[in-house]
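Asks: Please build the complete structure, drawing on both the sequences and the hints.
Just so you know, the protein sequences line up as chains A and B, in that order. Residue numbers for the first sequence follow the numbering used here, beginning at 5 and rising by one. Residue numbers for the second sequence follow the numbering used here, beginning at 23 and rising by one.
Don't take every hint at face value.
Taking lysine-lysine pairs in the PhoX-like style, the calculated list, with each CA pair at most 25 Å apart, reads [to be verified]:
#, chain 1, residue 1, chain 2, residue 2
1, B, Lys146, A, Lys158
2, A, Lys137, B, Lys139
3, B, Lys147, A, Lys193
4, A, Lys193, B, Lys139
5, B, Lys147, A, Lys158
6, A, Lys193, B, Lys145
Anything over 10 Å on all C-beta distances counts as not near chain B; from chain A, calculated [to be verified]:
#, residue
7, Arg6
8, Glu19
9, Cys25
10, Ser28
11, Glu51
12, Ile56
13, Thr87
14, Glu108
15, Ser144
16, Asp192
17, Glu197
18, Arg231
Think of the hints as simulated: they come from the structure by calculation, not from any bench. Quantities reported herein were computed from a predicted structural model and do not represent experimental measurements. Glycine included, each C-beta is placed from N, C-alpha and C at the ideal position.
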Amino acid sequence: MRILFLESEHGRYSELKYASCVASRYAEELRKKGHEVYEVRRPTPDEADAKIRELKPDVIWFVGHGDPDKATLENIRLWVRSTNDLWQFRGRVVVAHSCLTGIELGKAAVAKGAVAYFGYKDEMWFVWCDESKYPNCACSGENPYGVRPEVWMKLVTYPHHPPLEFLTAVAEGKDFKEAFDHSLAVTDKLVAELQSIQPLSQQEASMIKVTEWALEGNRDDQVLYRRTAEMGVETEQALSKTLARMLIMLSLPVVGLMFVKSSGGWSHYGS
Amino acid sequence: MSRAFVMSWYSRIPPAERTLPIIMYNGKVYTPEEVYREVMAGTRLGGALQAKIERLRASHSYALDDLKELDYVARKRVERVIKNLPPDFSLVAIGANGNRKRIYKPEELLKTRFFEKAVEREKKKVVELLRG
Numbered sequence: 005m006r007i008l009f010l011e012s013e014h015g016r017y018s019e020l021k022y023a024s025c026v027a028s029r030y031a032e033e034l035r036k037k038g039h040e041v042y043e044v045r046r047p048t049p050d051e052a053d054a055k056i057r058e059l060k061p062d063v064i065w066f067v068g069h070g071d072p073d074k075a076t077l078e079n080i081r082l083w084v085r086s087t088n089d090l091w092q093f094r095g096r097v098v099v100a101h102s103c104l105t106g107i108e109l110g111k112a113a114v115a116k117g118a119v120a121y122f123g124y125k126d127e128m129w130f131v132w133c134d135e136s137k138y139p140n141c142a143c144s145g146e147n148p149y150g151v152r153p154e155v156w157m158k159l160v161t162y163p164h165h166p167p168l169e170f171l172t173a174v175a176e177g178k179d180f181k182e183a184f185d186h187s188l189a190v191t192d193k194l195v196a197e198l199q200s201i202q203p204l205s206q207q208e209a210s211m212i213k214v215t216e217w218a219l220e221g222n223r224d225d226q227v228l229y230r231r232t233a234e235m236g237v238e239t240e241q242a243l244s245k246t247l248a249r250m251l252i253m254l255s256l257p258v259v260g261l262m263f264v265k266s267s268g269g270w271s272h273y274g275s
Numbered sequence: 023m024s025r026a027f028v029m030s031w032y033s034r035i036p037p038a039e040r041t042l043p044i045i046m047y048n049g050k051v052y053t054p055e056e057v058y059r060e061v062m063a064g065t066r067l068g069g070a071l072q073a074k075i076e077r078l079r080a081s082h083s084y085a086l087d088d089l090k091e092l093d094y095v096a097r098k099r100v101e102r103v104i105k106n107l108p109p110d111f112s113l114v115a116i117g118a119n120g121n122r123k124r125i126y127k128p129e130e131l132l133k134t135r136f137f138e139k140a141v142e143r144e145k146k147k148v149v150e151l152l153r154g
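Replies: So this is what it looks like as structure tokens:
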């Protein structure tokens, strides 16, 4: 499989580097498994488009600030918006490491020919250090808070794993629903791992807890649109599953939380 | 619920959770550590807290007042966690809108959807811990 990683680093600061450095590790693993993997660092929109034309990837992963209808790349430069023809995504699997694009852009991408689009319906959260003071937080255990390096690595990298796990699962031949469920399961595993850490201080405990919330919140907002054989668009979401668990736990009436499938139209979990 | 049961319940609570509020009684929130201390000391408050935990553990459904208290306890938990963060600790949300704030310091998190979502998670957590 031919996979293109568009690894932005700078938004307003170097906040995008946090996802890109994790992506780069996944890229290396995928290469070892025999996939044709390309990484473009700090792409401008023109560079991204040129690489897509040249390489014709099967899968595109990108990180950038997002809105419901648009996504940006390096330095928050606008790349794609839902009103464009979105040729970049046509015939491809898209993994958007970006806030909010799961609301509109993902749907538009699949309606305009993308095979599948993984994104987020809300803000996607992660831990960050002030780069001007602490330039090595993203890809190392270095941190200004006295947190053990091995713990810090988990805090800064874990929120970025789920979309990359989805991508890896697709590359391994899983179908989209399986890959999506795999990314949810990985999130649960990462949360459990964080919960198993014995914190050395209340401060460390709080940082771990906040990272758990980020992971769980991101999990509930991840969404997948995919093209169906009938040329409709299907959606997978995690939020309804979590809500259902919560409601069942509190024994409140649960009405309409069921899997609905309809040919050629929208298909989704949840009410 | 015997004193031994409280000891067993307390021992199953992860250490990091023992100092976060878990129950509300007479308008005040109590942590597992405080509940444990009061019950072991055999105080009237300990007895009342124990009885309340016992009732909530056994309940298959919560009354409206219980749910309101659950919400309050969850908010206090999230506030406490955020208060314990280093002041220069930050979370980022990668939204593109130029007007939208993207980097949040601890005190700013209290006004975000992140906070409200964390409250929902902690409600679930409290129920798990009470029934654990």
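Asks: So which of those numbered hints doesn't the model satisfy?
Replies: Failing hints, ascending: 2, 8.
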